[in-house]
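Colleague: Next come the chains, spelled out residue by residue.
2 protein chains.
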Amino acid sequence: MKKIWIADLKEHIGQTIQLSGWVYSTRSSGKIKFLLLRDGTGLCQCVYFRGECEEQSFNNFEQLQQECMVEISGTVRLEPRSPGGVEISAKKLSLISSSNAYPITPKEHGTDFLMNHRHLWLRSKRQVAIMRVRHEIVRAIRDFFDHRGFTLIDSPIFTPSACEGTSTLFETKYFEEKAFLSQSGQLYMEAAAAALGKVYCFGPTFRAEKSKTRRHLIEFWMVEPEVAFNDLYDNMELAEQFVEYIVQRVLKNKSEELKSLERNTSLLEKIKAPFPRLHYQEAVEIIKKENPDFVDGNDFGGTDETIVSSKFETPVFVHHYPSAIKAFYMKEDPKESGSSLSCDLLATEGYGEIIGGGQREEDLSILLQKIKEHQLREEDFAWYMDLRKYGSFPHSGFGLGVERTVGWICGLPHVRETIAFPRLYGRNYP
Amino acid sequence: MKKIWIADLKEHIGQTIQLSGWVYSTRSSGKIKFLLLRDGTGLCQCVYFRGECEEQSFNNFEQLQQECMVEISGTVRLEPRSPGGVEISAKKLSLISSSNAYPITPKEHGTDFLMNHRHLWLRSKRQVAIMRVRHEIVRAIRDFFDHRGFTLIDSPIFTPSACEGTSTLFETKYFEEKAFLSQSGQLYMEAAAAALGKVYCFGPTFRAEKSKTRRHLIEFWMVEPEVAFNDLYDNMELAEQFVEYIVQRVLKNKSEELKSLERNTSLLEKIKAPFPRLHYQEAVEIIKKENPDFVDGNDFGGTDETIVSSKFETPVFVHHYPSAIKAFYMKEDPKESGSSLSCDLLATEGYGEIIGGGQREEDLSILLQKIKEHQLREEDFAWYMDLRKYGSFPHSGFGLGVERTVGWICGLPHVRETIAFPRLYGRNYP
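Protein chains in written order, with my numbering: chain P, 347 to 776; chain Y, 347 to 776.
Honestly, the hints are just simulated from the structure, not real lab data.
For clarity, every value in this text was computed on a predicted model and none was experimentally measured.
Warning: the hint list may mix true and false statements.
Put simply, identical chains are the same to the list, so a pair is met inside one copy or across any two.
[Stated by the list, open to error] Simulated pairs of lysine-lysine, DSS-like, Cα-Cα distance not exceeding 25 Å:
#1 K519 / K556
#2 K605 / K453
#3 K524 / K556
#4 K558 / K524
With the hints as constraints, model all of the structure from the sequences given.
Modeller: Have a look at this one:
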């Protein structure tokens, strides 16, 4: 008898099959016992009639506990009222391994308890739904760029120098030298864009931020496209098409999961490009009406972002941030001194910045000046300067944080549920 | 006039278009000048006739150097003899930025020189071809699992304990604690397999090996599937279908790149499942004939792997390695004391092990015993033990190293060319 997966049961209607899985729940009603079985690909109701199944199997129900592992066999039949649309008329039930006092029960547990049992918590229906949506988001991200002729270039995690200031860097010994864990693959993508035109990297990045907010992870995945010859406006166009594509694809392919997460999908259906674009000064005007203490020229805090984004039903771009609050490589607008060709994208419903990016400075002498102003060491950027010495080219790109995007699309209150094994300030377990 | 990419020129036959790119080479023949233009997506020949193009543009050729950035405009026409099958009857040429004494010339350079200029070396035709094959391999890997109902689960890079011995671990300070950089996501995938049935992780992994061989990187990408209810033989079946799929897909979609790498593709065409399976003892017999010093019970060195794999035209499995030389979590064969339910896959042409994996020990008491024998600390594996306490289940998986696979499929002499910015013992730059 072929062992199959619950997700594939519909291809086996009328056949006698065998399933392996874990006990999700059981109930009894006189001569009938019901087993809801979970195998990771789905849930399936198995029905045991006394007299029509093995007597021993019927009696085995006494020993069943939440999450013990069993094997069952029976016949598949269509049953529209059951989860997955099928049901098993079961004949056999074998207990393979026990599960005494499984720690996660249907009752409420505290956050710390659940996080300490993350390896088991992942089995719950809600966490499974989030992981499936996350997977679809990752696939959508890759397909979007792959279908547009981008080349994936994996950027290194070990980097020789501290490129954006040292305060949030993880340091490690790299044999006899020091090395730092990557905060961004961008500088490497700029080199790769000169080789392959349209590139992206997609991997884990690290920020040693001592903050416990609902938006921050220590280790998070970021996708960073970089495109030769693109300016700020090309960059925003790419970013808005990208975000629309991700959201609409999740709506199309993971509607069951969004439903089980009780996500209000009507809000997501409105995420269609083009997105509104605000100059930094326009955004400041909006913020000042509700937060009079905001100081013109500063970066936005979480509350400020929410004030701006609450005015729109789609994500909104803010561009032309002051150069003083952006990284050294961000190009200053030649027509607007002190303002950078930067853009951030703020998500709806208060989920904050999900994209940061802009046009890069391609002039060697201006870049050297910026490196001085930012008190960085010129020698750390020797190879990066080469990109301006040999065929310097206009180019732009951005980074999208995967976990914030998962949190936004799933409607989660905290970023800790957006990745299987989150790393937070004060948490590196399991 | 719309700016387009060289890769898309065939959709614009007869149209007047504009291209941005870098000078790959130029040549002159009286009243005609040829510019071979590179934009990262392809190469395109641009032909300038004196009298039919702008006089200034014709004269601009004097200033062109390898890798300077230019903009051109002209009319696209079919030309089967040109690279890409099209040619531009060019009218205009503008020099955007210079490239004085570009360091990488068509002459031979030493390895160290090229590695120090990796950010520029990537622009060469050969490196571009390798990066495109690598991208196709990554896509094939993901598509294979995605199309079979696997869920991607990103495993953490920061891990709290040293799971496979501490000799090749990178350590970092994680705020007030110590943390280690992941060598494998497997233990986390075992937890995830209980939640989602069929899972895989795919990310960078780290080994602090002080070895300078052509097969070792300090930082390399690994894909690790894990499947609930699979035994050793299911695992080998999955692995051989997987490797066949990757190789055949690269042959199909990247034949141009393999050709430019001068790869003997007839050898790759033979990579079809099923692959031969040798018991460890059978492999030892083969090795001993050519390496009489080999000690029965030892792990294979690179030379030993080559002796075995040279006997076959497809990759070959070796299974049932002695338990003593495998990790603590590898299940011992209940029918064959001292032998593990492990399997490695050795690539053809001396490229060595590309896959390692097997069936995991699911019995709690045996696992505790193994942890003691391997002198590991039981408390480091508290969460991992939970997977055996609550519904323990048979399961198997494997890891495939991406860079070795890229090297094998491209036929490269050294793993350093398989990733954009390789990290080797003694190299963390650029």
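Colleague: Hint by hint, say whether it matches the structure.
Modeller: Hint check results:
{"no.": "1", "hint": "K519 / K556", "in the structure": "both (22 Å within a copy, 13 Å between copies)"}
{"no.": "2", "hint": "K605 / K453", "in the structure": "within (22 Å within a copy, 62 Å between copies)"}
{"no.": "3", "hint": "K524 / K556", "in the structure": "both (22 Å within a copy, 16 Å between copies)"}
{"no.": "4", "hint": "K558 / K524", "in the structure": "between (28 Å within a copy, 19 Å between copies)"}
Consistency note: the structure conflicts with none of the earlier hints.
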